[in-house]
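Number of protein chains: 2
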Amino acid sequence: MGRTSDAKEKILAAARSLIEARGYSALGVAEICTAAGVPKGSFYHFFDSKESLALAVVDEHWAAQKRDWTRVLEGDAAPLDRLRQLFEQTEAAQHTAQQGCGTVSGCLFGNLTLELSNQTEAVRARLQEIFEAQIDMVESVVAEARERGDATVTDTREAARAVVAQLEGQVLFAKLYNNTGRLSPLWQNCRALLGATAA
Amino acid sequence: MGRTSDAKEKILAAARSLIEARGYSALGVAEICTAAGVPKGSFYHFFDSKESLALAVVDEHWAAQKRDWTRVLEGDAAPLDRLRQLFEQTEAAQHTAQQGCGTVSGCLFGNLTLELSNQTEAVRARLQEIFEAQIDMVESVVAEARERGDATVTDTREAARAVVAQLEGQVLFAKLYNNTGRLSPLWQNCRALLGATAA
Chain A
1 MGRTSDAKEK
11 ILAAARSLIE
21 ARGYSALGVA
31 EICTAAGVPK
41 GSFYHFFDSK
51 ESLALAVVDE
61 HWAAQKRDWT
71 RVLEGDAAPL
81 DRLRQLFEQT
91 EAAQHTAQQG
101 CGTVSGCLFG
111 NLTLELSNQT
121 EAVRARLQEI
131 FEAQIDMVES
141 VVAEARERGD
151 ATVTDTREAA
161 RAVVAQLEGQ
171 VLFAKLYNNT
181 GRLSPLWQNC
191 RALLGATAA
Chain B
1 MGRTSDAKEK
11 ILAAARSLIE
21 ARGYSALGVA
31 EICTAAGVPK
41 GSFYHFFDSK
51 ESLALAVVDE
61 HWAAQKRDWT
71 RVLEGDAAPL
81 DRLRQLFEQT
91 EAAQHTAQQG
101 CGTVSGCLFG
111 NLTLELSNQT
121 EAVRARLQEI
131 FEAQIDMVES
141 VVAEARERGD
151 ATVTDTREAA
161 RAVVAQLEGQ
171 VLFAKLYNNT
181 GRLSPLWQNC
191 RALLGATAA
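These protein sequence lines are chains A and B, in that order.
Under our numbering, the residues of the first sequence are numbered 1 to 199, in order.
Under our numbering, the residues of the second sequence are numbered 1 to 199, in order.
A portion of the hints provided could be inaccurate.
Repeated chains share a single entry, so a pair holds when one copy, or any two copies, can fit it.
[To be verified] Straight-line distance between alpha carbons at most 25 Å, and here's what the computed SDA-like set of lysine to any residue pairs gives:
{"no.": "1", "residue 1": "40", "residue 2": "61"}
{"no.": "2", "residue 1": "50", "residue 2": "21"}
{"no.": "3", "residue 1": "50", "residue 2": "28"}
{"no.": "4", "residue 1": "40", "residue 2": "26"}
{"no.": "5", "residue 1": "50", "residue 2": "177"}
{"no.": "6", "residue 1": "50", "residue 2": "178"}
{"no.": "7", "residue 1": "50", "residue 2": "78"}
{"no.": "8", "residue 1": "10", "residue 2": "74"}
{"no.": "9", "residue 1": "10", "residue 2": "148"}
{"no.": "10", "residue 1": "50", "residue 2": "25"}
{"no.": "11", "residue 1": "40", "residue 2": "25"}
{"no.": "12", "residue 1": "50", "residue 2": "20"}
{"no.": "13", "residue 1": "50", "residue 2": "22"}
{"no.": "14", "residue 1": "50", "residue 2": "29"}
{"no.": "15", "residue 1": "66", "residue 2": "21"}
{"no.": "16", "residue 1": "50", "residue 2": "18"}
Because the hints were derived from the structure by calculation, they are not lab data.
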């Protein structure tokens, strides 16, 4: 049992790292198994298809990221400070990943949205759920900021969507320039998008 | 000569449409030639490699998009109106493309940035040039708006970058939801990012 479970984790870790480096389409099951150090039979023991592997990679990544986002966005700091912390955490995470593999790999969900959403409806649906969950979390904080008079924006849903869109766009630039410093304007841009009042 | 030139155009058109549908990595030269209706030998007559084809597709798309952006952004309307027109033009172009192929294909440059920038330095460099050119064009308009007192933002470069990042992020959502209506908040978000003063 222990070894079986190890094999699944190894496949997921290898797939995640290969998808981050080269995208999903270019990968084959044999390559993933070689990188994971498991026999090809193991793959089909755990996953029906490459698509079900992609969903598992996405779910695992979101479970971890959701924990990080929740810790920051449901923290004790003032609402806008929590958003600032979210951007700092994102920049730090991208920087740590860059130190490990040499390049900024960007947002796994953004990468797969642009690569895959028109090719597999199952992946598209899962990515929609994840982005809606991110927007829900940001919107709660925006609504709190608005109640305190720290933000003047009227449509909190659209504002939260704009903040997540700005995050995806700046992460795209960080990947393009292989430079996580590109994420530093996120905080000022978020303040502008929310009509922030405090300094 | 006429037929040779046709073959190159056919390869470029087929490659562009296949890249938009399925990304670059999953494509093979044989498939591109079949879709273009040209013998495989023709491909290597015009292109050294798949990478040089990618660069040609990017260049051709940018030449066309730059014409569209220039027409709008160097037009006679008030500066902020020109930015609004740019977003309307983007939404209309994505909608027309969606009518043709059934799905929102998004921004070719954004798609290739997330898929390829860590895999080929030549493509990364070309995409950097294109995004810098887009930001230059937007920044000129932002600076004009600021001179007229229509925008209050202080760092026009960073503001222009934020506008292009917002565009990429919202195009990502339009692709994810296969819905070009997702682009309609661009104008209000742009106004917020620029600290626009006029209604």
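Against the structure, the hints come out as follows:
1. 40 x 61: Close inside one copy (23 Å), not across copies (41 Å); limit 25 Å.
2. 50 x 21: Classified as both: same-chain Cα gap 17 Å, cross-chain 19 Å, threshold 25 Å.
3. 50 x 28: Classified as both; 8 Å inside a copy, 20 Å across copies.
4. 40 x 26: both (17 Å within a copy, 21 Å between copies)
5. 50 x 177: between (30 Å within a copy, 22 Å between copies)
6. 50 x 178: between (28 Å within a copy, 23 Å between copies)
7. 50 x 78: neither (43 Å within a copy, 51 Å between copies)
8. 10 x 74: neither (32 Å within a copy, 54 Å between copies)
9. 10 x 148: neither (47 Å within a copy, 59 Å between copies)
10. 50 x 25: This pair counts as both: shortest intra-copy Cα distance 10 Å, inter-copy 16 Å.
11. 40 x 25: For residue 40 and residue 25, the Cα distance is within 25 Å both inside one copy (18 Å) and across copies (23 Å).
12. 50 x 20: Result: close both inside a copy and across copies, 15 Å intra and 21 Å inter.
13. 50 x 22: both (15 Å within a copy, 16 Å between copies)
14. 50 x 29: both (7 Å within a copy, 23 Å between copies)
15. 66 x 21: This pair counts as within: shortest intra-copy Cα distance 22 Å, inter-copy 30 Å.
16. 50 x 18: Classified as both: same-chain Cα gap 13 Å, cross-chain 21 Å, threshold 25 Å.
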